[in-house]
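J.: The lines below spell out each chain.
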Amino acid sequence: MAETFEPKIVSFLCNWCSYAGADLAGTSRIEYPQNIRIIRVPCSGRVDPLFVVKAFLDGADGVMVLGCHPGDCHYQQGNYHAQRRYLVMHKLMDFIGVESDRLYIDWVSASEGKRFAEVVTNFTQRVRKIGPLVIIRDPHALEVKLDEVTA
Amino acid sequence: MNQDKPRIGVYVCMCGSNIAGTVDVPAVVEAVSHLKNVVVTRYNKYTCSGPGQLSIREDIQANHLNRVVVSACSPRMHERTWRAMLAEAGLNPYLLEVANLREHCSWIHPKEELTTQKAIDLVTAAVERVALHDPLFPQRVPVTKAALVIGGGIAGIQASLDLANAGVPVYLVEKEPSIGGHMAQLDKTFPTLDCSACILTPKMVDVGSHKNITLLSNSEIDKVDGFIGNFKVTVKKKARYVSLEKCTACNDCVAVCPVKVPSEFENGLAERTAIYRPFAQAVPNTYAIEKRGSAPCKSACPAGIHVQGYVALIGEGRFREAYDLIQERMPFPGICGRICHHPCEANCRRGEKDSPVAIETLKRFAADWVMAHPESEPVRARKQGDSLKGKKVAIIGSGPASLTVARNLSEESAQCDIFEALPVPGGMMNVGIPSHRLPKPILEKEINDITSRDNVTLHLNSPVRLNGTGDKASLTLSGLREKYDAVFLGMGTNKVIKMNVPGEELNGVHYGAEFLRKVNIHHLGVKDTKLPKLGKRIAVVGGGNVAIDSAMTALRLSGGEVFVIYRRTRVEMPAFEWEVAEAEEEGIQFLFLTNPLKIKGEDGKVTAVELQRMRLGESDASGRRRPVPIEGDTFTLPIDTMIISIGQVLDDVDDEVVKNDWGWIKTDEVTRQTNLPDVFAGGDDALGPSSVVEVVGEGHIASESIKRYLLGEDLAAGRGKPVQESKPAYYDPASWDKTPRHKNPARDPETRIDFNEIYMGFTEEQAITEANRCLDCGVCSECMACVGACGAGAIDHSMVDVFEQVDVGAIIVASGYDVWNPSPMIEYGYGTYPEVYTGMEIERLSNASGPTEGNIVMRNGEAPKRVAILHCVGSRDEHHQPYCSRICCMYSLKLAHLIREKTHAEVFEFYMDIRSFGKGYEEFYERVQHEGIVFVRGRGAQVMPDGDHLVVRAEDTDLGKPVNMPVDMVILSTGVVPTSGAEKLAHTLHVTRDVNGFFLEAHPKLRPVDSNTDGIYLAGACQAPRDIPDTVTHASAAASQALGLLSQDFVEVVPTIAEVNELACVGCNLCVEVCPYGAPSLVMKRGRLVSEINEALCKGCGLCVAACRGKAITLRGFNDMQLLTQLETLLQFSMK
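Note that the protein sequences, when read in sequence, are chains D and Z.
11 is the number of the first residue of the first sequence in my numbering; add one for each residue after it.
25 is the number of the first residue of the second sequence in my numbering; add one for each residue after it.
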């Protein structure tokens, strides 16, 4: 039974810009895929890299962090810190062998409802193409894999 | 962490059909009722309504609920409402979680199983999360009872008056020198045809005189700190250069200001002066001076001459005044205007477009004019003082540096004794430069003007023994130092450099500087002097100005052949290129890449010179390529005279005075003091051979230093600061005239065989035209004419920008709009065809106080007979602004009415729709139609020229045919855009803007005057285009919202702020580094440094929480446990 893989997308949206942009998409009745689950944070700078790691461990196939446009952050510089952390996370993901395209950062303002929908649709499609994230949870299976690699 | 077991009530809203339409609400309620800790579940049709809220409150009490989940619209919509509901039920308002089932679910997904499943997931996550919520207690901060209004147009004025009348102190900040905004520019307003100024000015006066309003005009917002109820705003009060208290608005300053620039208020249709008042009814009714820094010409001039100023004065025919202004910094205008190397012209911005303004010749013109009109009185007499009365200064040498020092110090009543070794004064100006370049009468006048002053005594034939030679009776430096309070060394560089080739001691060999000196002294009529004897074949060796001057002088004296021998090429010659060209025109032959090896002679006289041919090798230290001899390539040139002109150096000076590495006198960079405290130096002896303008600059610096020294003041205080060069011109260069630069007429080379001047200078008409090519780069040229004209003494050019902090509780943004410039729409020809206008420009023409006194006339001066008005220019247009600007249809109708009334012209309106939506608007439209104005339904496509009129091409959609309408005048009804400063203002205030750049309201329907930042409100066109009635309404609404805030004593600050776990904190300082508000700081606690959060400053962004490596900081309401629980729960979902 070949099912089309439907990715699980988690998105951290900041209260002032991207969350409001998502609200505007709703008010404008713009449809986008149902794969996304949204968590509201006060600022994209609140997003701890730990959340990203936990998201993947908890079963997310893709994680999005959306903040205010550079220069427009409600808290002045939170989005710059988010950007910096994202770059480091990206490198970490490459290092550990998880496709870094699964993590995405972008800027959506409170008046960009249509854009929010586009961003969600495009990212969902991208993760759908990459495929499900495989995490080996069984310790025995992990040992086997390690032996293979270190042999 | 709370201790009690959670008892959760879950409420799912149907929101009419907004949620229920796509989500199976009963199914959601059923699914969540089985979750852990859930005690009550319910669904409501309208949870936010009275009954809805009541049912929840009753539930809370009946079931002893201690947590509530509301699953409805976005928390941004009603979180506040639900919190208040909890508070009323006796529960802490923060024990609430909202699940967004509407904007993030029901409204964007189709009605199907997956949508309901998503809804269930969202509610489940909320339930898990709310169990972890703690009660939070917001801090209360006092509210500062004052308001800031940004922008003084009608919106800002209305808001300010509303607040001030309610007893609130208001700071109204306006960037222009006067309030009034665009409404002040309008003629009549629709639909009542009220005169705009008549209804506006009384309000403006009210603002200006209201006891509760502090009007900060000519000011901008620099920084905004703080938060709702407690804003700390730094206002930059720009220098006006005119005192608000003293100015009586008499307009006398405008009458004398020579600088004219396009007037912004008149949209460029008229000019204003640099000192100006935006319009006659300005509030405050005080003038302002526009300064854009130092013009590049002035900042390039080593003597600091007020170049832009005197050029402007010449352009107005005020020649004597120009001369007086030049004299402030340059005592030798006639001299400098003939020989200067004009660094001002090299820097002139006009030179970037075509050719620089002929500044040097203009200066010469002013000097010549005064010489030709000796009866003219100074318009500005030089100030005389007596601060140095009784002091004596010795000045060695009488060149331009020394004479400048003498003038400046004698004007302060110091006694200046000048000791000149030669029998004539003036230094190199008089004895170094030949009279075909610089006529003697001019020198005599300009030198005499200084040496004949009361406090100046000139001692000619009085050398000062500086090098240990001379007899006992000679003057010495130490002798002078004993007798005088200060000494200035201005003897220049007079010792010629010898070539050191064989034969140099033969008869017939001269040295350039000495040669010119002898010629000039003889020309000056000194007794018992002779002209140097010259042959008929003269070789001049050298490449500087002295060499060229020697060559041209020798030509005139001998009538023979003159050669110039230079060892490099023309490109490397240090002489001014124009002087080299003049010499060539006269037949002087240049032998480049040639160097003398040996001077041959017979009977002790020069007969020939052996020359070595050279080629250019590698560059030397100065960057010029070294000449290298070509082996064996020599030739002999028969000559009978040689003039060696390879430079001058300092005569030997007492070792007491320290020299620098190049051999000049070493002086302090800022003060020109030598190592001997009472001895100062400047000019060629300190710089090496230079120019008159440079050493005059030196003279000014040295005389200021000597003055301070004599008065015991600090020599260097406040000096040596760099000059701020002006920013480039801001108005449209297309409006410049294209007049080319006037050439200074020169005599024919064939007739130039005598010592009369080569160049003839400008006539009065030529001078005025040339001066008007100036672009007024600094705008105010600091000519100081206004200071003299102001009877009230209100002008102060030394004013600087002042920063002031004001504390307010609320801020209203009323920054307004700009009229869109239609130049990008080249199909309409704005800026290309003269008779294409914007609506605002027609307002100015129609306005009785405008540039045409209310007559609607075209640029050719005639009234139009047929006018076309094109609607929607730049609006409703995907290439420019997509939105409708709301006011243009109505103002187009109004302009049509005014034009028809005043000129009886035919008026055609090319429109898409007529938007006459307001009270009385549709009736006005009817009226205008009845006046015979014709409406063509079709957007103007193109404006084309046809002979002396224009043709508008459009499609008449009613007829279904294209139309080519010949008209005299085209008016483009352009839309409006946010003001140019909006972006910067938004960043300063941390307020967001929408896609079109207008300030973003918190909610388009319910909160049109609130911004997204608490405490900051929006008034007027800064939020969206609107007409005057709507603007006044909007502004009053903003004021009333602000009043709601300011009438409270306290405001609650968001409690979702950061908190430090002191045990876990290691004091690494990361949180301090990332916080934009300075909320965390390291303090000593329990014997070590730990972070502490200032709760008043923390905004709750969570940046520090994410940055803390040790997880020692938590964010109340958004802590890691809560977010991670929500994350984990959400990811339990599955997609089918």
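Think of the hints as simulated: they come from the structure by calculation, not from any bench.
As the structure is a prediction and not an experimental result, all values here were calculated from the model.
A virtual CB, placed ideally from N, CA and C, is assigned to each residue, including glycine.
Watch out, some of these pointers could steer you wrong.
[As the list claims (entries may be wrong)] Derived contacts from chain D toward chain Z, CB cut-off under 7 Å, selection only:
1) Gly36
2) Gln44
3) Arg47
4) Pro52
5) Asp58
6) Ala65
7) Tyr90
8) Gly107
9) Glu109
10) Ser110
11) Asp111
12) Ile115
13) His150
[Unchecked claim] Pairs of lysine-lysine, DSSO-like flavour, derived with a Cα cap of 30 Å:
14) Z:Lys560 <-> Z:Lys469
15) Z:Lys284 <-> Z:Lys212
16) Z:Lys29 <-> D:Lys64
17) Z:Lys169 <-> Z:Lys256
18) Z:Lys767 <-> Z:Lys745
19) D:Lys124 <-> Z:Lys413
20) Z:Lys169 <-> Z:Lys212
21) D:Lys124 <-> D:Lys155
22) Z:Lys522 <-> D:Lys64
23) D:Lys139 <-> D:Lys124
24) Z:Lys270 <-> Z:Lys469
25) Z:Lys227 <-> Z:Lys261
26) D:Lys124 <-> Z:Lys212
27) D:Lys139 <-> Z:Lys377
28) Z:Lys464 <-> D:Lys64
29) Z:Lys1008 <-> D:Lys124
30) Z:Lys227 <-> Z:Lys256
31) Z:Lys270 <-> Z:Lys212
32) Z:Lys284 <-> Z:Lys377
33) Z:Lys284 <-> Z:Lys522
34) Z:Lys1135 <-> Z:Lys169
35) D:Lys101 <-> Z:Lys413
36) Z:Lys135 <-> Z:Lys1135
37) Z:Lys413 <-> Z:Lys377
38) Z:Lys135 <-> Z:Lys169
39) Z:Lys315 <-> Z:Lys29
40) D:Lys124 <-> Z:Lys29
J.: Quick one, are D:Lys124 and D:Lys155 close enough, alpha carbons at most 30 Å?
T.: Violated: D:Lys124 and D:Lys155 sit about 45 Å apart, past 30 Å.
J.: Can the hint on D:Arg47 be confirmed by a CB-to-CB distance to chain Z that is less than 7 Å?
T.: Check passed: Cβ of D:Arg47 comes within 4 Å of chain Z, closer than 7 Å.
J.: With the threshold set at 30 Å, check whether the alpha-carbon distance from Z:Lys270 to Z:Lys469 stays at or below it.
T.: Violated, at about 42 Å.
J.: Does the alpha-carbon distance linking Z:Lys284 and Z:Lys212 stay inside the 30 Å limit?
T.: 29 Å, holds
J.: Given the hinted pair Z:Lys560 and Z:Lys469, is their alpha-carbon gap at most 30 Å?
T.: 35 Å, violated
J.: Within a Cα-Cα threshold of 30 Å, do Z:Lys284 and Z:Lys377 meet the stated pairing?
T.: Answer holds: Z:Lys284 to Z:Lys377 is near 20 Å, not above 30 Å.
J.: Under 7 Å, Cβ to Cβ, is where D:Asp111 needs to be relative to chain Z, so tell me if that hint holds or is violated.
T.: 19 Å, violated
J.: Could you grab the alpha-carbon distance between Z:Lys169 and Z:Lys212 and see if it respects the 30 Å cut-off?
T.: 38 Å, violated
J.: Taking 30 Å as the top limit, are the C-alpha atoms of Z:Lys522 and D:Lys64 close enough?
T.: Roughly 87 Å separates the two Cα atoms, so the pair is violated.
J.: Keeping to a limit of 30 Å between CA atoms, is the pair of Z:Lys767 and Z:Lys745 held or broken?
T.: 36 Å, violated
J.: Can you confirm whether the C-alpha distance between Z:Lys284 and Z:Lys522 stays at or below 30 Å?
T.: Violated - the C-alpha atoms of Z:Lys522 and Z:Lys284 are around 55 Å apart, more than 30 Å.
J.: Going straight from one Cα to the other, do D:Lys124 and Z:Lys212 come out at no more than 30 Å?
T.: 41 Å, violated
Hint check: violations occur at hints 7, 8, 9, 10, 11, 12, 13, 14, 18, 19, 20, 21, 22, 24, 26, 27, 28, 31, 33, 34, 35, 36, 37, 38, 39, 40; the rest are consistent with the structure.
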